[in-house]
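**Student:** Chains as they are written, first to last, in our numbering: chain A, 1 to 200; chain B, 1 to 200.
Any given hint might turn out to be false.
Which copy is meant is left open, because identical chains are indistinguishable; a pair holds if it fits in one copy or across any two.
[Claimed, not checked] Simulated crosslink set (PhoX-like; lysine-lysine; CA at most 25 angstroms straight-line):
(1) K2 to K70
(2) K3 to K40
(3) K64 to K137
(4) K3 to K64
(5) K17 to K3
(6) K64 to K40
(7) K137 to K70
(8) K3 to K70
(9) K64 to K17
(10) K64 to K2
(11) K17 to K137
(12) K40 to K17
(13) K2 to K137
(14) K137 to K3
(15) K40 to K2
Don't read these hints as lab results, they were simulated from the structure.
Protein chains: 2
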Amino acid sequence: MKKAFRVSEIEARDTYKLLSGLIVPRPIGWIGTMRSDGVKNLAPYSFFNMIADEPPLVMFAAGKRNGQLKDSAAYAIESGEFSVNIVSAEVVEAMNATSRSFPPDVDEFEECGLTAWFGTETGAPMVAEAPANLECKVYSTVDFEGDESPVVIFGEVVAIHVREDVLDGTRVDHAALDAIGRLAGAGYATTRDGFDLLRP
Amino acid sequence: MKKAFRVSEIEARDTYKLLSGLIVPRPIGWIGTMRSDGVKNLAPYSFFNMIADEPPLVMFAAGKRNGQLKDSAAYAIESGEFSVNIVSAEVVEAMNATSRSFPPDVDEFEECGLTAWFGTETGAPMVAEAPANLECKVYSTVDFEGDESPVVIFGEVVAIHVREDVLDGTRVDHAALDAIGRLAGAGYATTRDGFDLLRP
Numbered sequence: 001m002k003k004a005f006r007v008s009e010i011e012a013r014d015t016y017k018l019l020s021g022l023i024v025p026r027p028i029g030w031i032g033t034m035r036s037d038g039v040k041n042l043a044p045y046s047f048f049n050m051i052a053d054e055p056p057l058v059m060f061a062a063g064k065r066n067g068q069l070k071d072s073a074a075y076a077i078e079s080g081e082f083s084v085n086i087v088s089a090e091v092v093e094a095m096n097a098t099s100r101s102f103p104p105d106v107d108e109f110e111e112c113g114l115t116a117w118f119g120t121e122t123g124a125p126m127v128a129e130a131p132a133n134l135e136c137k138v139y140s141t142v143d144f145e146g147d148e149s150p151v152v153i154f155g156e157v158v159a160i161h162v163r164e165d166v167l168d169g170t171r172v173d174h175a176a177l178d179a180i181g182r183l184a185g186a187g188y189a190t191t192r193d194g195f196d197l198l199r200p
Numbered sequence: 001m002k003k004a005f006r007v008s009e010i011e012a013r014d015t016y017k018l019l020s021g022l023i024v025p026r027p028i029g030w031i032g033t034m035r036s037d038g039v040k041n042l043a044p045y046s047f048f049n050m051i052a053d054e055p056p057l058v059m060f061a062a063g064k065r066n067g068q069l070k071d072s073a074a075y076a077i078e079s080g081e082f083s084v085n086i087v088s089a090e091v092v093e094a095m096n097a098t099s100r101s102f103p104p105d106v107d108e109f110e111e112c113g114l115t116a117w118f119g120t121e122t123g124a125p126m127v128a129e130a131p132a133n134l135e136c137k138v139y140s141t142v143d144f145e146g147d148e149s150p151v152v153i154f155g156e157v158v159a160i161h162v163r164e165d166v167l168d169g170t171r172v173d174h175a176a177l178d179a180i181g182r183l184a185g186a187g188y189a190t191t192r193d194g195f196d197l198l199r200p
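Next up, chain A with everything else stripped away, as it sits in the complex:
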């Protein structure tokens, strides 16, 4: 038996709990950005995914608060650039530490003991400790109407950095990557319990 919820008849908080509980596991985009005065920002987003390989696009969605953009979204749009840092078990505690609401002037890299480094294609700061990093240029944005509605940022991936032990040519070794996915609430899942299904 299934229970039915009409979304128009339940609280937004319950809709959030149901959707974030059912749409799992979500990949984590740990988004690095830089403000025009050089302050670095780093925060995790699980409303994040790959969209296509041609062009190579990723997206992340950031809710607004009273019509105000979150720092990551604001700085990505302002600078036209952001990084995506892949979250493995090794860096998951540091990722969690960056999910706090820091004042805008705080550099989450410094605050959370992470090393910022830079690629060749963008000026967006990346997490040296993460097993892989993507340099992205903002491709387009979709701003949904409403003071609490999200802005969706599409980014074109211009460079991909991967720790060598994680690579087998251009294949990714998932045991070596050890990526973490987001569930709901305080929950996370590893990618350690996996299996293969042959494509039909």
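Got chain A; can you put chain B on it based on the hints?
**Tutor:** Showing chain B alone in chain A's frame:
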């Protein structure tokens, strides 16, 4: 040591392998749609996620082939409706069976031994055997230029159906849900190996 790939200097196939290998685990949106003549369609998309709870939005991205939309995207746009069916371990083989390229006139529900059922808010067919189903109305679309580029379909979730044993109020019990995530190639991951991290 990390290896750097400039995306402009590598093959699209390798970009695909790297990005789909690194952006993991991805939730699977098993998308149900109906053509105007009543033929039902069902296919899995892992370029899929939740976007927001206010409004309650999900998205999926479907690549075009020679400028042609995939069936799921075409029928969703045509009818203004689609369902998202959550993939658990119990239905993962059936999900994989629906990933084949069937001719447009084939009903994947019938072909793959799945039961179509309908909710109260849309006419999009849903998978009875899945542990949860979302009824969605197309909210907006973004069509990226290019014959092989994706169309992104944003859907507003208007009803949520969840198997009762998976629910604890409006909380989702992840052990009972037993959701499956997408890795790259033939790879999948369960959500069985999980842990909690307190929000800082």
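**Student:** State for each hint whether it applies.
**Tutor:** Hints versus structure:
Proximity of K2 and K70 under a CA criterion of 25 angstroms is satisfied in neither setting, with 37 angstroms inside one chain copy and 30 angstroms between copies. Taking CA atoms no more than 25 angstroms apart as the test, K3 paired with K40 passes between copies only; the shortest distance there is 24 angstroms, against 45 angstroms inside one copy. In this homomeric assembly, K64 and K137 come within 25 angstroms of each other (Cα to Cα) both inside a single copy, at 21 angstroms, and across copies, at 22 angstroms. When the C-alpha separation of K3 and K64 is checked against a cutoff of 25 angstroms, the pair qualifies neither within a copy, at 31 angstroms, nor between copies, at 36 angstroms.
In this assembly of identical chains, the alpha carbons of K17 and K3 lie at most 25 angstroms apart only when taken from the same copy (15 angstroms versus 39 angstroms across copies). Within a single copy, K64 and K40 get their C-alpha atoms as close as 20 angstroms, which meets the 25 angstroms cut-off; across copies the closest is 37 angstroms, which misses it. Proximity of K137 and K70 under a CA criterion of 25 angstroms is satisfied intra-copy only: 18 angstroms inside one chain copy versus 27 angstroms between copies. In the homo-oligomer, the alpha carbons of K3 and K70 never lie at most 25 angstroms apart, since the shortest distance is 35 angstroms inside one protomer and 32 angstroms across protomers.
In this homomeric assembly, K64 and K17 come within 25 angstroms of each other (Cα to Cα) only inside a single copy, at 18 angstroms, whereas the closest approach across copies is 33 angstroms. For a Cα distance limit of 25 angstroms, the shortest separation of K64 from K2 qualifies neither inside one copy, at 33 angstroms, nor across copies, at 35 angstroms. Taking the shortest Cα distances, K17 and K137 sit within 25 angstroms of each other only across copies (20 angstroms), while inside one copy they are farther apart (32 angstroms). In this assembly of identical chains, K40 and K17 lie within 25 angstroms of each other by CA distance neither inside one copy nor across copies; the values are 31 angstroms within and 30 angstroms between.
Taking the shortest alpha-carbon separations for K2 and K137, only the inter-copy value of 21 angstroms comes in at or below 25 angstroms, while the best intra-copy value is 43 angstroms. Taking identical chains as interchangeable, the C-alpha atoms of K137 and K3 lie at most 25 angstroms apart only when they sit on different chains, with a minimum of 20 angstroms there against 43 angstroms within one chain. In the homo-oligomer, the alpha carbons of K40 and K2 lie at most 25 angstroms apart only across protomers (22 angstroms), although the nearest pairing inside one protomer, at 46 angstroms, exceeds that limit.
Taken one by one, the earlier hints fail for this structure at numbers 1, 4, 8, 10 and 12, listed in ascending order.
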